[in-house]
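Asker: Quick mapping for you: the protein sequence lines, in order, are chains A and L. Last residue of the first sequence: number 496 in the numbering used here, and the count goes up by one each step with no gaps. Last residue of the second sequence: number 1127 in the numbering used here, and the count goes up by one each step with no gaps.
Warning: the hint list may mix true and false statements.
[Said to hold, decoys possible] Listed next, the in silico DSS-like pairs over lysine-lysine satisfying Cα-Cα at most 27 Å (straight line):
{"no.": "1", "chain 1": "A", "residue 1": "Lys214", "chain 2": "A", "residue 2": "Lys318"}
{"no.": "2", "chain 1": "A", "residue 1": "Lys287", "chain 2": "A", "residue 2": "Lys327"}
{"no.": "3", "chain 1": "A", "residue 1": "Lys439", "chain 2": "A", "residue 2": "Lys212"}
{"no.": "4", "chain 1": "A", "residue 1": "Lys301", "chain 2": "L", "residue 2": "Lys668"}
{"no.": "5", "chain 1": "A", "residue 1": "Lys301", "chain 2": "A", "residue 2": "Lys318"}
{"no.": "6", "chain 1": "L", "residue 1": "Lys575", "chain 2": "A", "residue 2": "Lys301"}
{"no.": "7", "chain 1": "A", "residue 1": "Lys318", "chain 2": "L", "residue 2": "Lys668"}
{"no.": "8", "chain 1": "A", "residue 1": "Lys324", "chain 2": "L", "residue 2": "Lys668"}
{"no.": "9", "chain 1": "L", "residue 1": "Lys668", "chain 2": "A", "residue 2": "Lys275"}
{"no.": "10", "chain 1": "A", "residue 1": "Lys324", "chain 2": "A", "residue 2": "Lys275"}
{"no.": "11", "chain 1": "A", "residue 1": "Lys437", "chain 2": "L", "residue 2": "Lys668"}
{"no.": "12", "chain 1": "A", "residue 1": "Lys318", "chain 2": "A", "residue 2": "Lys275"}
{"no.": "13", "chain 1": "A", "residue 1": "Lys285", "chain 2": "A", "residue 2": "Lys301"}
{"no.": "14", "chain 1": "A", "residue 1": "Lys165", "chain 2": "L", "residue 2": "Lys1030"}
{"no.": "15", "chain 1": "L", "residue 1": "Lys1029", "chain 2": "A", "residue 2": "Lys93"}
{"no.": "16", "chain 1": "A", "residue 1": "Lys327", "chain 2": "L", "residue 2": "Lys668"}
{"no.": "17", "chain 1": "A", "residue 1": "Lys165", "chain 2": "L", "residue 2": "Lys1029"}
Quick caveat, the hints were computed from the structure, so don't treat them as lab data.
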Amino acid sequence: MKKMMFGWSGAKLFLLASLLLTATLAPLSVFAQADPASDVIPAPKEFSLSTSDLVSYAYWVLALLVLLVIVYIFNIGAASEKLTGRAVINWTKVNAWMSIIFLVAGSAGVAYELIYHGKLLLPEAASAHGDSIDNMFNWTFGITFVVFVVTEVLLFYFLFKYRQKEGQKAAYYFHNNQLEIIWTIVPAIVLTFLVLRGYSTWHNITQTPEPKAKQIEIFGYQFGWKARYAGDDNKFGEANFNFIDPATNELGLAIKPSVIALRDTLVADTGRLGKDLRTLPAILKQKADQLSKMSLAADGKAYTDLEQELEDIRNGNKASELRKMMKRKGVQIQRINATLASKDMFNEAANDDKVTTEIHLIKDQPYTFRYRARDVIHSAYMPYFRAQMNVVPGMLTSFTFTPTKTTKQMQDEEKNPEFQFYLFCAKICGSAHYNMKIKIVVESESEYNAWIEKQKRVVEPVQPEAPAAPAAGSDTTATPKTAIKSNQKPSLAMGF
Amino acid sequence: MSTAAAHGAHADAHEHHHESFIRKYIFSTDHKMISRQFLITGIVMGVIGMVMSILFRLQLAWPDQKFAILEMLLGRWAKGGVLDANFYMALVTIHGTIMVFYVLTAGLSGTFSNLLIPLQCGARDMASPFMNMLSYWFFFLSSVVLCWSFFVETGPASAGWTVYPPLSALEKAMPGSGFGMTLWLVAIALFIVSALLGGVNYISTVLNMRTKGMSMNRLPLTIWAFFFTAILGLLSFPVLLGAALFLIFDRSFGTSFYLSDIWLNGVGALENVGGSPILYQHLFWFLGHPEVYIILMPALGITSEVIATNARKPIFGYTAMVISLMGISILSFIVWGHHMFITGMNPFLGSVFMFLTLVIAVPSAVKVFNYLTTLWRGNIRFTPAMLFAIGLVSFFISGGLTGIYLGNAALDINLHDSYFVVAHFHLVMGSAAIFGMFSGIYHWFPKMFGRLMNNTLGYFHFWLTFIAAYLVFFPMHFMGLAGVPRRYYAFSVIPEFNVWLEVNQLITVAAIMAGFAQVLFLWNFFYSIFRGKKSDANPWNSNTLEWSTPVEHIHGNWPGEIPTVYRGPYEYSREDREEDFYPQHIPGDDEGHGHGAPKTKSAPVHTEEPAAQSGNVLFSALKKVFGFSPR
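In isolation and in its complexed conformation, chain A is listed as follows:
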């Protein structure tokens, strides 16, 4: 054994350890003052050399230094071993004691985590089924924590206790059926308990029908959410992805005039694309002229962009792209035409639907969220309600739950007047995935009624003198002039 050990002097060890420590802790002390309120998306900043840049350079220099020191010490260690012929440090002892130190420090760390970070965990569930999840969690935690402590303590204690000693021989002990049967059966029993309990919890949450549940459609897209309430008739209008028009019909609802308008736009678009395709040679000539008047030095990016555009026209990429777009739009037009005659689809149930940018819920009222996705998979995550369900394009998913605490109540409990429930995306969905959320307000029935009253219908009933009012379901980014605007003759088409 001794042969394998290198001699080390304590001072050098200390030097190495402290260097490593400084290297790792240096950025912490400097950046500790960094603004903790990071709710602003960090915008790209201008490039300049600041203190932090110097620190990050210093950091790498330090890393290099540590490496050099290691090389240096390594050689010295080898040399001193050669000289004295014996190891300076008994590494068996050091490692044995390290495992005890690790055990103690680790326990302290776990205790610290449980006490300090344990406080930051989610508060009591704000939904009816949430309690059963929390209960299941507590049981699992209780059992696994005991196993965790017992096995980890044994592991490191054995390391210490049975470390190599002069004249000690290990026990020749390879097998004990009884023991092995015991520790197969005991975990099996414990897990049976957890499975049965887990099964009943899961079953109650997902497979118990809730006849009184109100339905809300949650619509997810890159990168945001919309909610749709069924309106006075308590019936959701049909919707189809082919009807989506980002400006006037974001959810693709079956509103005949809007869909007809969309079809007409598509037809016009296709015509324009066809014209572009036919005039490509002329465009090519015109752009080539334009390019010949520019120079790379003077125009930079504009020049290279134009050059790329020309290249795309020349090699046929542009034409094939145009053809693809025409084909895609043609398919969409066909599909719209095929559905337009359907009475089941255009049954006017969508007219009184209300599309909102907030979700308002009544306390103690069961809800079923029906999820629809526009583009990619999202996940509707509401940790305070212990609710999550993926939102999948081409497939309806749903989750039923009952909110049991109002927003106001939570604000009081959390002692945070700013507190709000949110539904946010938990499935990677693109660059702004981290910022995709919708506010949820849980309130009393009367408050809810007041709010829903104020929300605009998708198609307003026509009143003789009223000007065309913007429908609800739009936020500041989408244009506020929704369905009704494109709906040139609502009274005729909708039969009002």
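Since the structure of chain A is provided, determine the placement of chain L on it from the hints.
Answerer: Structure of chain L alone, referenced to chain A:
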């Protein structure tokens, strides 16, 4: 004429033959060289993956901070020293891909299966050395293609390492789904070819090329682990290949396997109807879950070997260890649904998958208890390899237990895609497997390079990495329990998440510390290859066959005949022997009392087919089915 003898003659003929540089170091068919190639490539990929993790950790800890160094290194991906949101996704994706496939599958299983299967089974080389060489070069090509994707204008794949469509299928859904994604798919297809070539080879070598006396129940646990791993890979990787091919079709040829009812910003309504994105998830996780064990089982096998050798004790419950490996392997094929509890899968299926998932905890618990009992009353020698093996057991416990939470469908509702998941799999398959890999490197370094690594640096490496890994991953459990979702570029979505900024900083500092510790390892590794102390033939006083070969690598492994095996691999600290080890190939009066002992004491040791005499129903059945001979 026996194949062994033929190989012997072959080896003799080669002894004086000088191989060209290319045949010896590049297109080598020698399993020992291929193993070294896998290891070095794995280490290089590992360094890339680790640097990526530190880059995105910097963003998470100091989202407002400008790091000039980032702009210097990454250019337009970090304008003004702040990481770009799209590039953050790319880093997360490629970090996952590299670590899961390139480091922990190829780097771990590729390295040690190649090195140890012929050496510990007593074979001159793999069943097909040429296929083995192809396996490495497909892997190398795959690594190159993946790295190439960093030099694509729209950036590398960014849809997460699971690359769920439609996000990954639609070029306009995010920049990373452009050409970078195509390259990702090509890289993975190449990787699968490599894994399959390797797997077929490992299985046939273990079944057909064991030396005289090496019955299946005398195989070291490493070989059992590699054997099951290869079977898992062989059965599950083709499914991923199918999934990847469908995705390629959807992306490039207008099919609709995974696409339906999509209206994409900037494109409009797509033609695709009738497909299902969930289909991809089923196919992906049908590989994805066995993949976890493809990663972990070789590490567990290495740990079994290292712990027994360094505790100077027989591994406790050899048969139970093999059966638990087998149980884990079989179960791993029927639990993939636990990744999909809340994807809209029928909730009844969720209950079934929950039950099957939690059953896996039983064989896992058996393994942990057996490791503990092996340590009990041992004579523990602290080599760095031993410490890393202990580290694996510790991570396997702490990460495995959180699997009981995530396998529970009811709890998964709230934990799915949160940091709790990140903590769980980084401990149980990330850290645990990487520690198994380190353990293997330290233990078999003398076999691979004929020299010893420096123990002192090894100790520093272990304790720093061990502590740092816990500091990085343990607090993540709490973030997950507070509802913090993973793959977030910044935690601005709700104000409550701001309290975790401080924790994120701690995690990042610990990650950097872990990074520094790996510098120690890299130095130790590369320095020792050239300048390390010369090793003896059997530096750890180990029992297994690989230590009976000469230190200098020769083609065909053993200069003369392949040694015959007389007993099981874990005959340590026998009362009747002065030395505390009893190598498998040393002839002796008796065959040991432990596992691998013939059931009838009087049975002759030298027989043509010792496997038949083990009397073990399982092995006889295997033999019947596969028709293999143990030689």
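Asker: Does each hint hold? Answer for all of them.
Answerer: Status of each hint after checking the structure:
no.	hint	result
1	A:Lys214 x A:Lys318	violated, 50 Å
2	A:Lys287 x A:Lys327	holds, 26 Å
3	A:Lys439 x A:Lys212	holds, 24 Å
4	A:Lys301 x L:Lys668	holds, 22 Å
5	A:Lys301 x A:Lys318	holds, 20 Å
6	L:Lys575 x A:Lys301	holds, 18 Å
7	A:Lys318 x L:Lys668	holds, 17 Å
8	A:Lys324 x L:Lys668	holds, 14 Å
9	L:Lys668 x A:Lys275	holds, 25 Å
10	A:Lys324 x A:Lys275	holds, 14 Å
11	A:Lys437 x L:Lys668	holds, 22 Å
12	A:Lys318 x A:Lys275	holds, 13 Å
13	A:Lys285 x A:Lys301	holds, 20 Å
14	A:Lys165 x L:Lys1030	holds, 26 Å
15	L:Lys1029 x A:Lys93	holds, 23 Å
16	A:Lys327 x L:Lys668	holds, 18 Å
17	A:Lys165 x L:Lys1029	holds, 25 Å
The structure fails to meet hint 1 from the earlier list, while all remaining hints are met.
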